Amino acid sequence: MAHFDENAKPFSHQWLNERLAVDTLKRVMSAEYWIPKNINFLWAMGMVLAATFGILLVSGIFLLMYYNPSVDLAFDSVNYTIMTEVGYGWLWRHIHGVGASLVFLIIYIHMFTGIYYGSYKRGRELIWISGMLLFVLFSAEAFSGYMLPWGQMSYWAGMVITNLFAGGSLHADGFVEWIRGDYVPAQAFLSRFFMLHVLLMPLLIIGGIVFHFGTLRLPHVNNQDGEDFDFEEAAALWKSGNKKESKVIPFSPVFLSKDVFVMGVYFILFFYLVFYHFEFAMDPVNFDPANGLSTPAHIYPEWYFLWSYEVLRPFSTDVGLIAFAIAQVIFLTLPFMDRSPNVAPANRRGKFHIWFWAMLADMLVLTFMGKLPPEGIWSTIGFVAAIVFFALWIALPFITKSEKKL
Amino acid sequence: MSNRRDFMGMALGGFTALGGLGALMAMKKTWDPLPSVKSAGFTTIDLKDYKENELVTEKWRGKPIFVLKQSKELMAKTTDETKKRLIEVNGDHYMVCVGLCTHLGCIPGYDKANESFLCACHGGVYDATAMVTKAPPPRGLDIPPFKIEGTKLVLGGTCPEYEKMLADGTTLKV
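Listed in order, the protein sequences are those of chains A and B. Just so it is clear: in the first sequence, position 274 is 274 by my numbering, and no numbers are missing. Just so it is clear: in the second sequence, position 171 is 577 by my numbering, and no numbers are missing.
Hints listed in this document are in silico derivations from the structure and should not be mistaken for laboratory results. Quantities reported herein were computed from a predicted structural model and do not represent experimental measurements. Note that the Cβ used here is the ideal one computed from N, Cα and C, for glycine as well. Warning: the hint list may mix true and false statements.
As the list claims (entries may be wrong) - Computed spacing ranges between beta-carbons, pair by pair: (1) B:K483 <-> A:L170: 29 to 37 Å; (2) B:V531 <-> A:P341: 48 to 56 Å; (3) B:V462 <-> A:D72: 23 to 31 Å; (4) A:P373 <-> B:G556: 44 to 52 Å.
Construct all of the structure, not just a fragment, from the sequences and the given hints.
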């Protein structure tokens, strides 16, 4: 057995160190976890996401105390009980709704930062893949949560999205009924999506975050120039007191203090939206109770799913489904589709620079078209943008293969 | 020694896999629609209650069911193909369909003046027999399983007329 000093006072530093190795823990997890100096505010998005997830968890716990997952009571438990009776119930709901929307905004910024700076290249593939798995988990969490108020949009989004699992011409209606536990979204459907939203998905997300952090440890965080340097050497320089000459800073407290500053700015925006513009995260159609015998005139998903919805929409059922399925997983393949060995910001990578902005612009066009009714010129623009999306992915290996080595 | 350990490992692994499969099967069955949900899946409607060219929406298994008694004018417009979609009882023809667009499940609206159904979600159009006339829907509205009992129709049951529709591809199984 290890050595335990009989004179150590209970809960003193030495006492805890002997039992929990708190010094080692602190050293490994924060004080000697090294972050490059050459970064900008975009490197704070990871911790901004972690903080937003924390806020979603806390506000969710309070909503959970009054929410009632029954098809007869769900709508009123949200719109009447939580919104009018529960003290500050409206606050938790608006935080939860705004948080769910902003978490996707930050995820997209985080993703495109990674693409721009090549932070998915050799050694960092698993960071990218685990991050994209988190995106899928957050999407499932957002969708299952959207069912819970049991309004018209909840019901019809549930109907349309579960219908996708019939696989078009495969007509796997039995599979769709199995997912729903009924012929249409009803009590069994609401209860199981409630379970997914409050237990299974959050558990998987927490596991996914731990895994994502784990993949970061050995390859380390990328920097603004994609520079590959010796972290141990740089860390030794810092520890010997040459902090100015060293290329790294410790995660805590130095990097974290930068993070906290960015979070401060972010939370000003966050709470401005919670208090003054929460309506952007609340679809008016969802303030009508679910009705299986009346479809809303336009069914569209929340803004963060619009680009992939628009990839589905302009094609016939089967082609659309295949396009949609590919769009959902294509980003996972990025580390292998990019054939260039260069780890550098996109603006130094020639054609890839154009590819990056074309992809970003195309996804914005898809997003706007997804919201508009599928008529006339909007239909055509949406169709062209969907084709461009796939054309860009097909072009990626070729343009990166021919890229000059930096 | 190593052989004995291998055997123990394989025996343990085998039984664990068996238990895992059993657990997966139980989980799959837990997600199945309940027997009470399945047995509530029958609805009886009386066809003599309906008026010509007037759409009535019934409910079966939580889904809207369109019933449209065809007038003489409507019957004159039918082809051999679309006539097969109608149910004949006492010389009258009825369109009985699940009122969910075969594209992605929205409810099309009936336009009485044009004698057609329009789905607002993605612009699909169906004629008065619920046959698709404009994409994206891949096929006409599905016909629910039915059993003819006099002038009554039991939705969820089956009869030779329905089996024939299934066999010749007039409708898919809903």
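Results for each hint:
Look at B:K483 against A:L170: about 33 Å separates their beta carbons, and that is inside 29 to 37 Å. The hint said 48 to 56 Å for the Cβ distance between B:V531 and A:P341, and at roughly 54 Å that hint holds. The supplied range of 23 to 31 Å is met by B:V462 and A:D72, whose beta-carbon atoms lie about 26 Å from each other. At about 46 Å, the CB distance of A:P373 to B:G556 agrees with the hint of 44 to 52 Å.
Hint compliance for this structure: no hint is broken.
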